[in-house]
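Engineer: Sequence:
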Amino acid sequence: MSWKRIYLRYEFWIGMVLAIAGLIHLLQRLEVPLDMIAKTYWPGLFILVGVMQAISSRYRDPISSGVLIAVGTLLLFFKSGLFQPQDLPNNLLDTLRSLLRGLLNRT
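First residue of the sequence shown? That's 27 in the numbering used here, and the numbers climb one at a time after it.
If you're looking for bench data, these hints aren't it; they were derived computationally from the structure. Since this is a predicted model, take the numbers as computed values, not measurements. It is possible that some hints are incorrect.
[To be verified] Distance windows between CB atoms, simulated:
id: 1; residue 1: R35; residue 2: P59; range: 33 to 39 angstroms
id: 2; residue 1: V97; residue 2: R55; range: 19 to 25 angstroms
id: 3; residue 1: L130; residue 2: R84; range: 31 to 37 angstroms
Where a beta carbon is used, it is the ideal one built from N, C-alpha and C, also for glycine.
When you get a sec, could you build the whole thing from the sequences and use the hints?
Structural biologist: Here it is in structure tokens:
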């Protein structure tokens, strides 16, 4: 089954809607405001694609799914304010810190 054909199946779209609704429900249970969820669509997209890839029978790849979910979770922590670039260790390279600040300040 190609990527083109998987998007034409109604099961895929039902799964995507359920995954998005489940992610929003979990974030609201963690008391993350809905406007914060709306502003942080990139982390949600990373997490959602990782979960959908993990449960797919054809495109299952545990390593890339784990990386996508981990990157999405870290971005969500940064965007929601739970973890700030100032919390990073002082011995971190300044170039990495400025790169993180540049990426996180974009909206």
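Engineer: Should the hint that L130 and R84 are 31 to 37 angstroms apart at their CB atoms be regarded as holding?
Structural biologist: Holds: the Cβ-Cβ distance is about 34 angstroms, inside 31 to 37 angstroms.
Engineer: Please check whether V97 and R55 have a Cβ separation lying inside 19 to 25 angstroms.
Structural biologist: 22 angstroms, holds
Engineer: Quick one: are R35 and P59 within 33 to 39 angstroms, going by C-beta?
Structural biologist: This hint holds: roughly 34 angstroms between Cβ atoms.
Going down the numbered hints, you'll see the structure goes against none, and every one checks out.
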